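Trainee: Next come the chains, spelled out residue by residue.
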Amino acid sequence: MSRAAEKASPEVTADAAQPAAGHRRELLRQMLLIRRFEEKCVELYSAAEIRGFVHLYIGEEAVAVGVNQALTPDDSIVSTYREHGHALVRGIPMDSVMAEMYGKTTGCSRGRGGSMHLFDVSRRFYGGNAIVGGGLPLAVGIALADRMRGQERVTACYFGDGAVAEGEFHECMNLAALWDLPVLFCCENNLYAMGTALERAQAQTDLALRAGTYGMPAWPVDGMDVMAVEHAARNAAEAVRAGGGPHFLELRTYRFRAHSMYDPELYRDKAEVEQWRHRDPIEMLKGRLRDAGELSDDELAAMEDKLVDQIEASVAAARAAPAEPVEDLTTFVYSPESS
Amino acid sequence: MSTDDQVKTTYREAMRAAIREAMQRDDRVFLMGEDVGRYGGCFGVSLGLLEEFGPERIRDTPLSESAFVGAGIGAAMAGMRPIVEIMTVNFSLLALDQIMNNAATLLHMSGGQCNVPLVIRMTTGAGRQVAAQHSHSLEGWYTHIPGIKVLAPAALEDARGMLWTALQDPDPVLIFEHGSLYNTQGVLAADAGPVDIRSASIRRAGSDVSLITYGGTLPKALSAAEQLSADGIDAEVIDLRSLRPLDDATIMASVARTHRAVIVDEGWRTGSLAAEVSARITEQAFYELDAPVARVCTAEVPMPYPRHLEEAALPQPERIVAAARQVAG
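If you're matching them up, the sequences are chains A and B in order. Under our numbering, the first sequence has 91 at position 91, and the numbering climbs by one with no breaks. Under our numbering, the second sequence has 95 at position 95, and the numbering climbs by one with no breaks.
No wet-lab data here; the hints were simulated from the structure. The structure displayed is predicted, hence computed values, not measured ones. Any given hint might turn out to be false.
[Stated by the list, open to error] For the chain A half of the interface with chain B, some residues (derived, Cβ under 8 Å), not all of them:
1. His-117
2. Gly-127
3. Asp-269
4. Ala-271
5. Gln-275
[Unchecked claim] Straight line, CA to CA, 25 Å or less: simulated SDA-like cross-link-like pairs of lysine to any residue:
6. A/Lys-306 <-> A/Leu-32
7. A/Lys-104 <-> B/Ile-202
8. A/Lys-104 <-> A/Lys-286
9. A/Lys-306 <-> A/Ala-323
10. A/Lys-286 <-> A/Arg-29
11. B/Lys-8 <-> B/Pro-245
12. A/Lys-104 <-> B/Asn-101
13. A/Lys-104 <-> B/Gly-112
14. A/Lys-40 <-> A/Ser-338
Glycine included, C-beta positions come from ideal geometry on N, C-alpha and C.
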């Protein structure tokens with residue numbers, strides 16, 4: 001990877017002031033929760049228990065976990081189709097996320113959305129959006145409503161490097177900056193828009209540099225280092241909340257698995273994937289915690305066991321949950337109180 | 001010229017009064033779109049409202065249809081009641097992704113959590129010699145989409161009254177204003193207010209043939225009905241008003257009375273709203289018919305610039321009269 005050398009924008013790194021050990025263990029637990037949940041999804045998909053498109057976040061967990069540290073329950077989130085991690089760390093109960101994978105009525109979208117459309121409005125989680133770039137205008141609108149109503153909220157808007165090529169990206173960067181709206185743009189740059197490498201799709205591959213041209217602060221961040229992400233996200237969210245207008249984080253990350261469940265991965269070298277696996281965000285944090293004497297093997301094993309139990313329980317609950325009756329097929333097309 | 005209970009007005013002024021009333025009654029309402037503020041709206045609908053309500057609520061946007069329509073959806077989800085204006089239906093295609101993939105689907109794919117109480121207004125239709133990128137009637141495309149409602153105010157009372165009712169709707173409503181109607185003059189009750197947005201209306205009662213239309217072709221259908229009357233053919237004119245949902249009951253009741261139907265639609269014939277209405281009549285009132293259903297639509301050509309070609313492309317009273325005579329035998 002020669003990418004880093006070409007970059008004009010220096011990456012944000014972790015704050016020198018280390019957070020408490022307990023907090024760091026919690027970051028690890030959340031990343032593991034996403035990883036183990038998705039590994040279970042792979043198993044369930046292979047067994048044909050869940051279907052549709054399932055886009056795995058494996059490798060990118062530090063982004064969702066780090067950004068989420070900067071958000072309050074009153075903030076809003078607009079996400080993408082690769083959103084299991086965003087949803088889980090937001091606190092959407094795992095049982096309802098797993099039930100959504102099964103298309104059951106107990107799912108967080110009553111089974112109507114599936115993997116790509118997780119919603120929980122009570123937690124201000126406005127969905128997985130499966131049109132690349134399609135969530136950006138929604139985030140701008142939510143932020144506009146907050147501004148007009150005097151709410152001191154931040155709207156975090158996730159999207160990938162692929163979205164940067166969409167016209168909606170340009171329109172929304174401009175509008176958010178023009179109107180000074182409280183949006184935290186979180187660009188998850190995993191270097192591939194499905195199978196198209198960043199340099200094959202973007203004339204300017206420094207996405208933070210691009211965002212900066214709209215007149216908003218934009219920082220590249222090491223998206224494999226959860227503490228670097230948390231540090232950058234806290235600074236950015238604080239500035240947004242203080243009335244500093246939109247901010248942009250380019251979170252440089254990598255997906256270890258296929259674009260969707262399976263693809264032959266003809267578009268990238270196995271060696272490249274292996275190289276990135278050396279920067280696995282979970283292994284990096286584990287290493288730090290071990291080196292600092294903050295995590296014993298027993299503690300880690302106990303953490304893992306607890307996650308396995310939680311995931312198995314969510315699978316059992318989803319299997320047992322009722323399916324929507326076919327008679328209700330056309331509910332939720334219009335609101336019940338629709339005139 | 002006005003009496004105590006009636007005022008003389010135009011379609012444009014009625015729309016403006018509707019926006020003003022909505023802004024006054026509900027502080028969650030705001031108007032957003034290209035040139036709605038300082039310019040006064042490209043068709044002058046919002047002229048003066050910036051001075052009255054200020055730039056936060058009469059909000060000029062950049063030429064970013066997808067962003068500002070999507071922002072309207074987001075703001076609606078977050079508790080506002082936006083009115084988004086798109087200059088013309090042709091430009092709405094730049095926002096079609098947001099209308100189709102977000103506004104129309106969010107409620108369903110969120111399992112009932114995310115309703116979108118948004119109103120989108122736009123101009124539609126031809127007749128002003130503005131050629132093939134500003135003149136089409138694409139509202140029929142939008143009627144294909146479950147999850148949205150589609151309105152076409154043609155009468156002054158609907159220009160005045162549909163907006164407020166649409167804003168009370170929990171789901172997205174598209175309002176199509178035919179460009180030829182803005183200067184329509186007439187009288188309106190001084191206390192004219194909200195109207196229903198579900199039913200079709202009989203604008204002229206008749207017994208021999210049903211002319212079923214909406215929007216900019218309503219005046220043409222009424223004119224055709226007068227000409228037919230001189231020939232002893234008593235035409236009923238139905239104004240659909242709501243294009244989605246369609247008021248099947250009013251259509252079928254009319255066909256049951258007249259036994260003949262001519263559908264007048266400024267959209268292109270193929271895959272048109274007229275085709276949908278025709279299919280419904282065939283499905284629901286086939287045995288009432290004394291003649292095949294006829295359609296008068298726009299010629300299947302991108303709208304040409306010269307006046308004589310544009311006139312030839314569009315439904316005109318003469319063509320409606322000819323079609324009605326044919327079905328009347």
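Trainee: Which hint numbers does the structure go against, in order from smallest to largest?
Mentor: 3, 4, 5, 7, 8, 9, 11, 14
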